[in-house]
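Line order of the protein sequences matches chains Z and V.
Just so it is clear: in the first sequence, position 302 is 302 by the working numbering, and no numbers are missing.
Just so it is clear: in the second sequence, position 157 is 479 by the working numbering, and no numbers are missing.
Heads up, a few of these hints could be off.
[Stated by the list, open to error] Here are some of the chain Z residues that sit facing chain V, going by a computed Cβ distance under 8 Å:
hint: 1; residue: Arg13
hint: 2; residue: Arg38
hint: 3; residue: Leu41
hint: 4; residue: Thr42
hint: 5; residue: Leu52
hint: 6; residue: Met55
hint: 7; residue: Ala91
hint: 8; residue: Pro92
hint: 9; residue: Leu98
hint: 10; residue: Ser101
hint: 11; residue: Leu107
hint: 12; residue: Arg118
hint: 13; residue: Gly182
hint: 14; residue: Gly283
hint: 15; residue: Tyr309
[As the list claims (entries may be wrong)] Derived SDA-like pairs: lysine to any residue, alpha-carbon spacing no greater than 20 Å straight-line:
hint: 16; chain 1: V; residue 1: Lys372; chain 2: Z; residue 2: Arg8
hint: 17; chain 1: Z; residue 1: Lys297; chain 2: V; residue 2: Gln354
hint: 18; chain 1: Z; residue 1: Lys48; chain 2: Z; residue 2: Ala77
hint: 19; chain 1: V; residue 1: Lys372; chain 2: V; residue 2: Gln354
hint: 20; chain 1: Z; residue 1: Lys122; chain 2: V; residue 2: Gln354
hint: 21; chain 1: Z; residue 1: Lys122; chain 2: V; residue 2: Gly402
hint: 22; chain 1: Z; residue 1: Lys297; chain 2: Z; residue 2: Thr268
hint: 23; chain 1: Z; residue 1: Lys297; chain 2: V; residue 2: Val627
hint: 24; chain 1: Z; residue 1: Lys48; chain 2: Z; residue 2: Pro31
hint: 25; chain 1: Z; residue 1: Lys122; chain 2: V; residue 2: His605
hint: 26; chain 1: Z; residue 1: Lys297; chain 2: V; residue 2: Glu604
hint: 27; chain 1: V; residue 1: Lys372; chain 2: V; residue 2: Pro358
hint: 28; chain 1: Z; residue 1: Lys122; chain 2: Z; residue 2: Ala77
hint: 29; chain 1: Z; residue 1: Lys297; chain 2: V; residue 2: His605
Simulated from the structure, these hints should not be mistaken for laboratory data.
Each residue gets a CB set at the ideal place from its N, CA and C atoms; glycine is no exception.
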Amino acid sequence: MSVRRGPRPTGDRLRRLLVMLPWLMERGEVPVAEMCDRFELTEPELVKDLELAAMCGLPPFVDEMVDVFIDEGVVFAGVPRLFTRPLRLTAPEGFALLAASRVAMQLPGADPDGALARALHKLAVVLGDDSVVVETPPPPMTELVAAAATEGARLRITYWSPAGDHRSERDITPRRVFVDGGYWYVIADDLLRNDERTFRIDRIEACERTGDIDALRDVEVPAIDSWFADDELPVARLRVPTSGRWVAERYPTRSVEPDGDGWLIEITVASERWLDDLLLRLGSEAELQHPPEWAGKGAAAAHAVLARYRAAELDQAGSDGS
Amino acid sequence: MADALERITNLVALLMATRQPLTQEQIVNELQGQYPAGEAAQRGAFERDKALLREIGVPLDSEVLAGGDAGRTAYRINRGRYELTDLQLTADERAALQLAVAAARLADAQFGLLKLGGDRGSSPVVVANIPELPALPALREATAAHAEVGFQYHGSPRRLQPYALLLRERFWYVIGHDVDRGEVRTYRVDRLESELVIGAPGAFERPAGFDPRTTFPTDPKLLGDEPTARAQVLVDTARADAVERELGASAVLERRPNGAVVVEVPCANLDAFRSWLFGMGEHAEVLAPADVRRAVVEWLQAMVVAR
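With these hints in hand, go ahead and build the complete structure from the sequences.
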């Protein structure tokens, strides 16, 4: 852990500087604004770090000093001496580049022999053989939905919703497509409801263009695992045994705390039906602690399912007897 | 006092320029006045600088000296190991990489791309959320270097010759040859219970044509001692279409007049099977085999009794 000495940790500044300097030296002169944009720094931050770099090197040998100055909004690099090449890729950078590329190879429209594949091949020279495999196959509708998002094309979809167990027809204008936890989603304007909604693409049963084109609109894609977090949804507190830890791994939680030989998990409840199913999967060792009005929920859900097994067995007994 | 960034930048320049590895004493001497006075403060600052360099990935070589300076540690930076090899990416290759990085939105990938001369791309229409775990970069390096790794898993130590990393649904898995168990095993990376211990590179060969997707079945319901075990499940009309879409038409054994279907489903892993089954609530019922049906009924009865 590096010690924080101010708003920007020294490690971050150094890491950036060691990329900035070689990039600058290769070009000779670059407008301050362009460098700020590229390296995500404010102008005072950039100026501070470059002025500081200009004092660096190994005095008294002038050929071992960094030769950089700023004049009239332009950064000039003199004779490149030190830091002429960027620092090698670190392990996290290498991993992230490969993972990003592997995911991109699965996106709709990716060309397995195209430029990205060639770039990956070259990356292997510095990163070693590529052993990262990503498996997020997009459902069949994905390419169509993504193309609609690119153009602002309106779609009429038949959507199956598990909560109510029903189908609905909707007109939507897809905005962005994203994959999270193995599922593909589309964020879209739902025109009848006049609202922005997120749909799971594998639940779109039918889909066709209406012929309307809407103006493009940029929407934010939620950060990983955060996107179902909705303040208006009720929160349940569960106590699960060690074996029930998967709940916290599979679903977004508000909190997860160890509790003796188990876990206390606070979880957002998107629908009571979903919660019933979750309780069934957890079984008798899990306990729903809060809210109190849901205390008997697991037993009730189990009872409802058991009823159909009993009915089937009675049928069986009846037919055996006759 | 000088900005710590200035001192560390100078330290990098010095350690890259030197032919002979330098001791802390020599370094402090070369960087006149930039380290604090006093033995303890000096050592503290130097240790922090070293840690910071390692953190951002500067390869710092150290060796313990012999002779007159016996026992002292000396440092240098090997320029060949420090500098990024020029990959000679063409414009379209760089652009493709840029798109990939923009879609994945990983900060480390964005930074790596800067080093490769790429730009921050605009935000694409299709993006991917990729889980990140601290162990992944080192595991990948070990995999590429064919180095054995050691870690704790389910409370016991494991030694693995890692063949590949696989992202499936929301989890990263490492797949390789488990040295003690003598077979190919799969471990979930987020469940590693210790730091990784990484062995020497070139310790094993990966089997030619190894594909983790084939050694590790997609369906968790298959992961059990009897992978061929199947259950027959009656699914009500309400869920019949969805189930058929999930399992494929070949899994349907019987279509009832009311629209319900009987499907055949792997059940080697009873936990995974039950989880799948109860995802349909009271819309699904196990018909056979009898012991699986009994296990489901007992599970439900325990829940009713527990109240």
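Any of the earlier hints contradicted here, and which numbers?
-> 3, 4, 17, 20, 25, 28
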